[in-house]
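K.L.:
Based on these hints, arrange chain S on the given structure of chain H.
Listed below, chain by chain, are the residues.
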Amino acid sequence: MSDVTASAAFVRPTLAEPRDPPKSFVGPFAWARAHLFGSIFDALLTAFGLFLLGWIAWTVLDFALFRAVWSAKDGETCRAEGVGACWPYVEAYWKQFVYGRYPAEERWRPTLVFAIFAATLIPLAMPKVPYKRANVIAFLVGMPIASYFLLTGGVFGLEPVETTLWGGLLVTLIVSVVGIVCSLPLGILLALGRRSKLPIIKMLCIVTIEFWRGVPLITVLFMASNMLPLFMPEGMEVDKLLRALIGVAIFTSAYLAETIRGGLQAIPKGQYEGAMALGLGYWQMMGLIVMPQALKLVIPGIVNSFISLFKDTTLVLIVSIFDLLGMIQASLADPVWISPVTGKTGYLVAAVTFWVFCFGMSRYSQWMERRLATGHKR
Amino acid sequence: MKTRILAATFGVLMGTTATVALAGTLDDVKNKGFVQCGVSQGLAGFSQPDSAGNWTGLDVDFCRSLASAIFNDPTKVKFTPLSAKERFTALQSGEIDVLSRNTTWTMSRDTKQGKFAGVMYYDGQGFMIRKSLGITSAKQLGGASVCTNTGTTTELNLADWFRTQKLDYKVVSFEKSEEVVKAYDAGRCDVLTTDASGLYAERLKLTKPDEHIVLPEIISKEPLGPMVRQGDDAWFNVVKWTYYALLTAEELGITKANADDTLAKTENPDVKRFLGKDGSFGADIGLTNAWAFQIVKNMGNYGELFEKNVGETSPLKISRGINALWTKGGLQYAPPVR
Numbered sequence: 001m002s003d004v005t006a007s008a009a010f011v012r013p014t015l016a017e018p019r020d021p022p023k024s025f026v027g028p029f030a031w032a033r034a035h036l037f038g039s040i041f042d043a044l045l046t047a048f049g050l051f052l053l054g055w056i057a058w059t060v061l062d063f064a065l066f067r068a069v070w071s072a073k074d075g076e077t078c079r080a081e082g083v084g085a086c087w088p089y090v091e092a093y094w095k096q097f098v099y100g101r102y103p104a105e106e107r108w109r110p111t112l113v114f115a116i117f118a119a120t121l122i123p124l125a126m127p128k129v130p131y132k133r134a135n136v137i138a139f140l141v142g143m144p145i146a147s148y149f150l151l152t153g154g155v156f157g158l159e160p161v162e163t164t165l166w167g168g169l170l171v172t173l174i175v176s177v178v179g180i181v182c183s184l185p186l187g188i189l190l191a192l193g194r195r196s197k198l199p200i201i202k203m204l205c206i207v208t209i210e211f212w213r214g215v216p217l218i219t220v221l222f223m224a225s226n227m228l229p230l231f232m233p234e235g236m237e238v239d240k241l242l243r244a245l246i247g248v249a250i251f252t253s254a255y256l257a258e259t260i261r262g263g264l265q266a267i268p269k270g271q272y273e274g275a276m277a278l279g280l281g282y283w284q285m286m287g288l289i290v291m292p293q294a295l296k297l298v299i300p301g302i303v304n305s306f307i308s309l310f311k312d313t314t315l316v317l318i319v320s321i322f323d324l325l326g327m328i329q330a331s332l333a334d335p336v337w338i339s340p341v342t343g344k345t346g347y348l349v350a351a352v353t354f355w356v357f358c359f360g361m362s363r364y365s366q367w368m369e370r371r372l373a374t375g376h377k378r
Numbered sequence: 001m002k003t004r005i006l007a008a009t010f011g012v013l014m015g016t017t018a019t020v021a022l023a024g025t026l027d028d029v030k031n032k033g034f035v036q037c038g039v040s041q042g043l044a045g046f047s048q049p050d051s052a053g054n055w056t057g058l059d060v061d062f063c064r065s066l067a068s069a070i071f072n073d074p075t076k077v078k079f080t081p082l083s084a085k086e087r088f089t090a091l092q093s094g095e096i097d098v099l100s101r102n103t104t105w106t107m108s109r110d111t112k113q114g115k116f117a118g119v120m121y122y123d124g125q126g127f128m129i130r131k132s133l134g135i136t137s138a139k140q141l142g143g144a145s146v147c148t149n150t151g152t153t154t155e156l157n158l159a160d161w162f163r164t165q166k167l168d169y170k171v172v173s174f175e176k177s178e179e180v181v182k183a184y185d186a187g188r189c190d191v192l193t194t195d196a197s198g199l200y201a202e203r204l205k206l207t208k209p210d211e212h213i214v215l216p217e218i219i220s221k222e223p224l225g226p227m228v229r230q231g232d233d234a235w236f237n238v239v240k241w242t243y244y245a246l247l248t249a250e251e252l253g254i255t256k257a258n259a260d261d262t263l264a265k266t267e268n269p270d271v272k273r274f275l276g277k278d279g280s281f282g283a284d285i286g287l288t289n290a291w292a293f294q295i296v297k298n299m300g301n302y303g304e305l306f307e308k309n310v311g312e313t314s315p316l317k318i319s320r321g322i323n324a325l326w327t328k329g330g331l332q333y334a335p336p337v338r
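Listed in order, the protein sequences are those of chains H and S.
Counting with the working numbering, you get residues 1 to 378 for the letters of the first sequence.
Counting with the working numbering, you get residues 1 to 338 for the letters of the second sequence.
Same shape as in the complex, but just chain H (with noise of 0.2 angstroms):
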């Protein structure tokens, strides 16, 4: 025991200072020859990026701001040897961008629409918001309803506004908030139809799917405006911003009901198990056990296919809805405004707002998938 005692002398009753790490190991410096120049083909590979990326910044920040034009009565000064944006066109144009030909003295109402729709999907986004369940009655119900009679009008001494006059933002957000709110639901159903033990439902889902799965959404939305009047009796019309609606949210819903497909599968056998154990009935298990996991399992497909619709709703262009892209290139063919930078102008506006609406979905997403890794994480 003294032993002991006596052999614990020279141990350190306290602990060293740490001593700092080498001066080479820490900082930017260290970061960057660890990560940018660890080797030589390393370097030549920092130095063609950043090369690469400058170039780029260059060549956009030169075209969209040093070279720009800012004030035009108009096109004629962008007509002019070397100039780059034409932004007075933006300027004339960007209500129609925005709006389409949505009758000037009637603007407010979509702006209105935006607000009501910013003002309740923003507290839904937000986790910590209160009050979800009247806020999901208020997005789901409420906006769907407010929207539809300020948009279309005729009641409420509105004046009517024919969906031929909706477009730009305006129409690209409408396609796509309503495919992502109708398809959702509708690709969950699909796919449990196609996992059911009832063969007519299983096999009704299978021939859903794989039909619209079949078809490119080109030939759906041609169908539907052009081909689908031909066979109705004269006089009997449905208005053809809806008909491609309906057709992009089922279009949209067969490829989610594959998604949310895999997300069950993924889920262990003692999961629906234990559901029955304790007495669920089908829809209490698929509601309260399954699917919030399977959904989650899946977050990443879903939020693809949204981010691939919001990108497609360009496709109505063909059947002339003017979504935000069609009032771009509609806008491109007048006179007035004709130069050789109006093109790559408009195309500049076109890019960064879609960018910025799928580079949103696609953050979010992330954001809510950290959220939610609850025993998932690796």
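Do not rely on the hints blindly, as some may be mistaken.
[What the hints assert, rightly or not] Result set (EDC-like, lysine to aspartate or glutamate): computed pairs, CA atoms no more than 16 angstroms apart in a straight line:
#1 S:Lys-131 <-> S:Asp-190
#2 H:Lys-344 <-> S:Asp-210
#3 H:Lys-73 <-> H:Glu-91
#4 S:Lys-317 <-> H:Glu-76
#5 S:Lys-78 <-> S:Asp-28
#6 S:Lys-32 <-> S:Asp-73
#7 S:Lys-170 <-> S:Asp-190
#8 S:Lys-76 <-> S:Asp-28
#9 H:Lys-95 <-> H:Glu-106
#10 S:Lys-277 <-> S:Glu-267
#11 S:Lys-208 <-> S:Asp-185
#12 S:Lys-221 <-> S:Glu-155
#13 S:Lys-317 <-> S:Glu-211
#14 S:Lys-272 <-> S:Asp-261
#15 S:Lys-139 <-> S:Glu-217
#16 S:Lys-30 <-> S:Asp-73
#17 H:Lys-344 <-> S:Glu-179
#18 S:Lys-78 <-> S:Glu-95
#19 S:Lys-277 <-> S:Asp-261
#20 S:Lys-32 <-> S:Glu-86
#21 S:Lys-131 <-> S:Asp-185
#22 S:Lys-32 <-> H:Glu-162
#23 S:Lys-131 <-> S:Glu-179
#24 H:Lys-95 <-> S:Asp-50
#25 S:Lys-265 <-> S:Asp-278
#26 S:Lys-139 <-> S:Asp-110
#27 S:Lys-208 <-> H:Glu-81
#28 S:Lys-76 <-> H:Glu-76
#29 S:Lys-78 <-> H:Glu-162
#30 S:Lys-208 <-> H:Glu-76
#31 H:Lys-73 <-> S:Asp-50
#32 S:Lys-182 <-> H:Glu-81
#33 S:Lys-272 <-> S:Asp-260
Treat the hints as calculated values from the structure; they're not laboratory data.
Predicted model, so just to flag it, every value in this text is computed and none were measured.
P.N.:
The following block gives chain S in isolation, referenced to the frame of chain H:
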């Protein structure tokens, strides 16, 4: 049993369709109170919305003239922008009343898809070239390189024309017209070819538009005009004579500005018949006798519409050429009103 019910339902449906169709487009238009006009999705000078969202252009003004003839109000018209693919189905399905969408009058279209009521613009494929080359005629283009779109009739017309002229040439072709213009602007070819009306719009996309000229030769026929459904003569007459009224007004020297004056003072029997002081030409086609006066008063004559939309006063600066009246060496000719 079921089949019989189905057949009966189908028959009833077809029956109603037939009766509705028999009612005639003119009556339908009068009942709904506006003309539904199919236009392009945006073509400079012919039909495109301006920055305020109003439709402008030669094809658009034709529809406004039609509305003026029927309602004495050029605003009673609604425009449906159509892609090239869907335009004929839109006409046949009754979605639109008249298709005024830079559509080339060809035999198959005129016999199968509908009826052409006239030629609002005689177009044709032309050449654009740099002034500095000093070439004045397409016949001097031997050995030139030509920029064009791939897989279009433009490319085929080009090949035909150079072969008949026994000239050498080199094709530089691209998928999109934006690329064609860019290549020409960058000097990758000597000549740019497309429809002549398009050439003037493309010229504005060049860095120095004034350094390029359009050669006088036109190597294909592209008569563009309004189109209606087949089997509805009353409506066809109204559309056709709206077009003729625009021409006749120019021929008789009646303009938007002097229409009132002419109506009050004229002693010319031609003018009297045209403006509805004599005879009942308007009433005979289901309109008012002042139909032609309404067109000119609201819209102007053909020459005015041409100058405003595509002519020298517009950014496109297209000269009248073969679109001049027959009295001035052009092809625009209207039968007499009598």
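K.L.:
If a hint holds in the structure, say so; if it does not, say that too.
P.N.:
Structure-based check of all given hints:
For the given pair, Lys-131 (chain S) sits about 11 angstroms from Asp-190 (chain S) by alpha-carbon distance, which is consistent with the 16 angstroms threshold. For the hint pairing Lys-344 (chain H) with Asp-210 (chain S), the CA-to-CA distance comes to about 22 angstroms; that exceeds 16 angstroms, so the pair is violated. Of the pairs offered as hints, the one joining Lys-73 (chain H) and Glu-91 (chain H) holds, with about 11 angstroms between alpha carbons and a cut-off of 16 angstroms not exceeded. For a cut-off of 16 angstroms, the pair hint linking Lys-317 (chain S) to Glu-76 (chain H) stands: about 14 angstroms separates their Cα positions.
Our distance criterion of 16 angstroms between C-alpha atoms is met by Lys-78 (chain S) and Asp-28 (chain S), whose separation comes to about 14 angstroms. At roughly 14 angstroms between alpha-carbon atoms, Lys-32 (chain S) and Asp-73 (chain S) fall within 16 angstroms of each other, so this suggested pair holds. The straight-line distance between the Cα atoms of Lys-170 (chain S) and Asp-190 (chain S) is roughly 10 angstroms, inside the 16 angstroms bound, and the hint therefore holds. Between Lys-76 (chain S) and Asp-28 (chain S), the direct Cα distance comes to roughly 14 angstroms. Compliance with the 16 angstroms bound is thereby established for this hinted pair.
Taken as a hint, the Lys-95 (chain H) and Glu-106 (chain H) pair is honoured in the structure, with Cα atoms around 12 angstroms apart against an allowance of 16 angstroms. With a CA separation close to 10 angstroms, the supplied pair Lys-277 (chain S) and Glu-267 (chain S) stays within the 16 angstroms bound. Note on Lys-208 (chain S) and Asp-185 (chain S): the hinted pairing holds, with a Cα-Cα distance of about 9 angstroms set against a maximum of 16 angstroms. For the hint linking Lys-221 (chain S) to Glu-155 (chain S), the alpha-carbon distance of about 14 angstroms falls within 16 angstroms, and the restraint holds.
The straight-line distance between the Cα atoms of Lys-317 (chain S) and Glu-211 (chain S) is roughly 14 angstroms, inside the 16 angstroms bound, and the hint therefore holds. Of the pairs offered as hints, the one joining Lys-272 (chain S) and Asp-261 (chain S) holds, with about 12 angstroms between alpha carbons and a cut-off of 16 angstroms not exceeded. Of the supplied pair hints, the one linking Lys-139 (chain S) and Glu-217 (chain S) holds, its CA atoms being roughly 9 angstroms apart against a limit of 16 angstroms. For the proposed pair Lys-30 (chain S) and Asp-73 (chain S), the alpha carbon gap of about 12 angstroms is at most 16 angstroms, so the pair holds.
Restraint check: the Cα-Cα separation between Lys-344 (chain H) and Glu-179 (chain S) comes to about 12 angstroms, which is no more than 16 angstroms; the hinted pair holds. Straight-line distance between C-alpha atoms of Lys-78 (chain S) and Glu-95 (chain S) comes to about 11 angstroms, which keeps the hinted pair within the 16 angstroms bound. Straight-line distance between C-alpha atoms of Lys-277 (chain S) and Asp-261 (chain S) comes to about 13 angstroms, which keeps the hinted pair within the 16 angstroms bound. Distance restraint check for Lys-32 (chain S) and Glu-86 (chain S): the Cα-Cα separation of roughly 23 angstroms exceeds the 16 angstroms cut-off, and the hinted pair is therefore not satisfied.
A distance of roughly 13 angstroms separates the Cα atoms of Lys-131 (chain S) and Asp-185 (chain S); the hinted pair therefore holds under the 16 angstroms criterion. Of the pairs offered as hints, the one joining Lys-32 (chain S) and Glu-162 (chain H) holds, with about 15 angstroms between alpha carbons and a cut-off of 16 angstroms not exceeded. At roughly 21 angstroms between alpha-carbon atoms, Lys-131 (chain S) and Glu-179 (chain S) are farther apart than 16 angstroms, so this suggested pair is violated. Pair hint Lys-95 (chain H) plus Asp-50 (chain S) holds up; C-alpha atoms about 12 angstroms apart against a cutoff of 16 angstroms.
Between Lys-265 (chain S) and Asp-278 (chain S) the CA atoms are separated by roughly 14 angstroms; this keeps the pair inside 16 angstroms, and the hint holds. At most 16 angstroms may separate the alpha-carbon atoms for a hinted pair to count; Lys-139 (chain S) and Asp-110 (chain S) exceed this at roughly 33 angstroms. Pair hint Lys-208 (chain S) plus Glu-81 (chain H) holds up; C-alpha atoms about 7 angstroms apart against a cutoff of 16 angstroms. A C-alpha spacing of about 33 angstroms is found between Lys-76 (chain S) and Glu-76 (chain H), which places the hinted pair above 16 angstroms, so the restraint is violated.
A hinted pair counts as satisfied when its Cα atoms are at most 16 angstroms apart, and Lys-78 (chain S) with Glu-162 (chain H) qualifies at roughly 10 angstroms. Restraint check for Lys-208 (chain S) and Glu-76 (chain H): satisfied, since their Cα atoms lie roughly 11 angstroms apart, inside the 16 angstroms limit. Restraint check: the Cα-Cα separation between Lys-73 (chain H) and Asp-50 (chain S) comes to about 14 angstroms, which is no more than 16 angstroms; the hinted pair holds. Taking the CA atoms of Lys-182 (chain S) and Glu-81 (chain H), the gap is about 14 angstroms. The hint holds against a cut of 16 angstroms.
With a C-alpha separation of about 12 angstroms, the suggested pairing of Lys-272 (chain S) with Asp-260 (chain S) holds against the 16 angstroms cut-off.
Of the numbered hints given earlier, the model fails hints 2, 20, 23, 26, 28; all others are met.
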